[in-house]
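S.K.: Protein chains in written order, with the numbering used here: chain A, 101 to 415; chain B, 2 to 311; chain C, 1313 to 1812.
No lab work stands behind these hints, which were simulated from the structure alone. Treat the numbers as computed from the prediction; the structure is a model and nothing was measured. Heads up, the beta-carbon is just placed ideally off N, CA and C, and yes, glycines get one too. Errors might be hidden in some of the hints.
These stretches of chain C come out as covered by chain A in the derived footprint (C-beta under 8 Å, 3 or more residues) [what the hints assert, rightly or not]:
1) 1403-1409
2) 1451-1464
3) 1600-1606
4) 1690-1700
Keeping only pairs whose Cα atoms sit at most 20 Å apart, straight-line, the calculated EDC-like set for lysine to aspartate or glutamate is [stated by the list, open to error]:
5) A:365 - C:1401
6) C:1362 - A:300
7) C:1534 - C:1336
8) A:365 - A:167
9) C:1654 - B:191
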Amino acid sequence: MSETLRREWTRRVAMAPGAVYALILLSLVFALFTAQFLTLHNLTNVGMQGSVLVIVSLGMTLIILSEGIDLSIGPVLGLAGVVLALAVKQQVALPLAILAAIATGGTFGALNGVLISRLGLPPFVVTLGSFGMAQGLALVLTEGSSVPGLGPGVQYFNDGRILGFQVPIIMTAIAFLVVYVILYYTKFGTYVFALGGNQEALALAGVRTRLYKTGVYVLGGILAGVGALVMTARMNAAHPTVGVGLEFDAIASVILGGTSFERGKGWLGGTMIGALAVSVLRNGLNLIGLSTSWQVSMVGVVIILAIVVDSLRGI
Amino acid sequence: MSHFWLSSLPRLVMIIVLLVALSFVSPAFLSVQNLTNILRQASLLFLLASGLTVVILTAGIDLSIGSVLALSASVAANFIQQGWIWAGSLIGLAIGAACGLLNGLMVAVGLPPFIATYGMLWVAEGFAQVFMKGEIISGFPTGFRFLGAGYLAGVPVPILVMIVVLMVCIFALRRTNFGRYVYFFGANREAARLSGINTRGNLLLVYSLSGLISAFAGLVYISRIDAVESTIGEPLLLPAIAAVCIGGTSLFGGEGGIGGTMVGALIMTLVTNGMNLLNASPYWQPFVMGAIVVLSVAIDQFGSAKVETA
Amino acid sequence: MAEGLVLQLEGISKQFPGVKALDDVSFDLRRGEVHVLVGENGAGKSTLIKILAGAHRHDTGRIVISGQPADIHNPAQALGLGVSVIYQEFNLVPFISVAQNIFLGREPRHPKIPGLIDHARMNAESQALLESLSVDIDPRSTVHYLGVAQQQMVEVAKALSVNAQIVVMDEPTSALTTREIEQLFAAIRRLTARGVGVIYISHRLEEVFQIGDRVTVLRDGKWITTMNVQDATMDVIIQAMVGRTIDRMFPRDFAIEKGEVALTVRNLHRHGVLQDINVTVRCGEIVGLAGLVGAGRTELARVIFGADPYDAGEVTIFGRTVRGSPAASVAVGVGFLPEDRKREGLALILPLRENVVVASLRRLFPSGVIKRAKEHTVVTDFVKSLDIATPSINRMTKFLSGGTQQKVVLAKWLCTQSRFLIFDEPTRGIDVGAKAEIHQLMNELVKQGAAILMISSELPEVLNMSDRIYVMHKGRITKELSREEANQEAILRHAMGVTT
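With the rest of the complex left out, here is chain A (with noise of 0.2 Å):
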């Protein structure tokens, strides 16, 4: 390896994301303190429980490197477990039912990248208000219920086995899999590092910004969708407010794992372990006993803590 690169690698471990630590710290902690929290039931009901907000987070990241921020991911993902739900109650043809809840997403998405990229707005306002559309559209067309019952199709997406591991574990690596090949592998991929990093090369170098910048947020959205999916399987019913500060875990994932705001720097692999951080804290802090409420608080402060750290130490 020659000079350049392995010093750069040295550099990248001493400095490894606050997700690494998180993640080692909070599983000593809750080892030491619960029984039940190295059982492999447990680690499955981790892994499992963490799966959706992996394949969200995945997307989020891409988001996120390109200078953007997606505060509708929750509500979209909701969305679009509502259409699924809705479909398929209508007899509609399960290939086709996943379809379309990946369709909702990947429309949500447009619609927030093509005002972004388009006309410039802030992408924080874009998507508070595409936030307040996605839930008001789930609300409206469940009536504020939730749709129970959808059948072994569905549930097999929670349920089902493949080579011995279950659907949810499958499809989060596959999902891991290939948007780690779009981010590492082409062209696309780089664009988005070049949109959070400069993006005035990338329009020197004579590359569509706008198409791009929008990519992102359709691939956000698609991802959304899939989560959708292994969210409504795992509970077997579609929720219109399930996804409400699914965001916010994400976003925690995805900067505990050393992605920043800004310059286009950002790691998927630690979005990965970013995400597990997350959910060993609410999964251990749920085998403590503390009530929901406190989680909600407890889990802010931590992420808002991480933040901040992550901010001050710069890059």
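Keeping the supplied structure of chain A fixed, place chains B and C upon it in accordance with the hints.
M.R.: Below, chains B and C alone, put in the same frame as chain A:
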């Protein structure tokens, strides 16, 4: 100054159009009873949005106003219900101000305002849930209920409160040094610093005010509905932002004002009222709110003087 | 004549509001030559380059590239025509690899799997490019972690990779060590060996002789001379850069009695930026601060004003030590008129009136409540005394001309009753008439007992307005010149660190 009133014209026209349209939809619309109701509702929204307006004028944002309202109102309600009206209210206000101060500190340290206040949104929400344990507190003493449900000279108190707050804010923003600092800060933060303005201090003050006003709005709100639970703040954030944006205050800072927010709050309330009259499902409201936020920001983009110079 | 010429710029003119940046400039570039472009700050070099790069449109004249007339509308188009500009602040994407940067927008496709990048080929080709420049960088390394010199090499490799015919380098050596400069020159020679024409902009005149084939001098937006380097000498070049007629633009009365000491700077040190600075300014005098871009003048001014911190030393203003915040400095009686008045001096979307009083609010309205009538009187008085051209005091500041805007900034500080003013490029971007007015005002101010520290890159302004001149070079003060000692050559020499 004239520039501001000129740009308000389209909005005033919008209100008149809405009023006319709604009076056609329902004969009961133009009754004194209904109009008073609308004004009262708009007052509540306005109160919450007024602190937000000041923050947005500095080119910042406060996404935590709903949760801070819920948290401070929940804690205050606990004491008020037991008869400690003044102490409870003060405690609520203090909590609001403290949350705001924390927001201000995070922003001063360099966190983007939307992330800092978004985090605070969850933290405050969580603490509210912990505090309330999912229960509802209701039945406040008459003395306290005067604030939200009482009448003075035939006019509902919240409307009077709104008028007072409106006038105080207009005065503060247009006639005091502090107001000048707010606008200058939003128009050009670096130039403000290099002109000797204490930018850090002003940041802390502005966010603390936002928290304080959210808490105050919370007190009026729970006094009106005579109940509180930890989630009352959730549906309030979007309408508040929409009210500020429709009112012409630019998200990029330095432009707009409280008067616009008042107009925006009126428009939002008329839209909600209209939807109710049309028997639209209440579930459409978040959708409409979201769409209005996006639309008003997009329109704002085309007209913003600041963006042109960037 | 056209053969062998890769670029011809003929009769290029460019007018900005209030300032003619280029006036009928012609310039040509041969294949395989290094053509050095020199001139003082404001001579027009960067404007010329920006026009070539497609960032600005020229008003008159034409551009011919490799014999074909070129109509350049935007940077991407310029790139397509074979023009590659390497700016001082590089145009690289920090967190991707060297190879990815070199091939940005032109990533080679994977031979077997559709949609993927052929990393192997990209790395191999980048490796070859870097080796041809004799540079040892692994193409897989992330650009952000490379040193400045290495990043520059990546830019050069990028230019090679797009088969640029014309490569422009803007002050390439300002951040490099001697050894790295050698490497850069070697890389440039490899470029020219392939027939690429290089336009090289530099303030370091010795480099003209180290790397240049021809040199062109611009002054005040006009072409002065072009000569073969072997026929040129340092003196001739400096003379061309500097020689000009001086007109009655500088009303100064130098017989003013000097009063108390306004500013004392002792042993000031700011790591990496300023070293060992000692400066004094007294009331009744204008002290000039001369030097080249990057010499540290604005940095020094900002530290004195409190806008930036410092590590060691002492800054005393009217007897009070100051440090750390502009608010504190303003309270002591200092005003700062920044170089970039639109970004740092004014709130453009606010009315003129508010910009004038913003720094004096506490003084004018101690109760915190603004009295409109008083504000009106105060601002109107300044409009009169400074002759500010505006239909009303409520006019939005962004609609005022450059000269008027500068007067508003000045009014802001006069309103605070500051007695020590720091002017950073007081007349940049201002038309001739307004320039004279500003100079007049400055003279009046010191006559009334104010002290002024003036940073200026316009030598006539420095020479004719200053009682004394400090010359800076690379963060240090290289020389203090009295009015008698000062002349253009002396300033330039000390500013460039040229020791005769």
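S.K.: Evaluate each hint against the coordinates.
M.R.: Status of each hint after checking the structure:
no.	hint	result
1	1403-1409	holds (count 6)
2	1451-1464	holds (count 7)
3	1600-1606	violated (count 0)
4	1690-1700	violated (count 0)
5	A:365 - C:1401	holds (19 Å)
6	C:1362 - A:300	holds (15 Å)
7	C:1534 - C:1336	holds (7 Å)
8	A:365 - A:167	holds (10 Å)
9	C:1654 - B:191	holds (11 Å)
Checked against the numbered hints listed earlier, the structure breaks hints 3 and 4; every other hint is satisfied.
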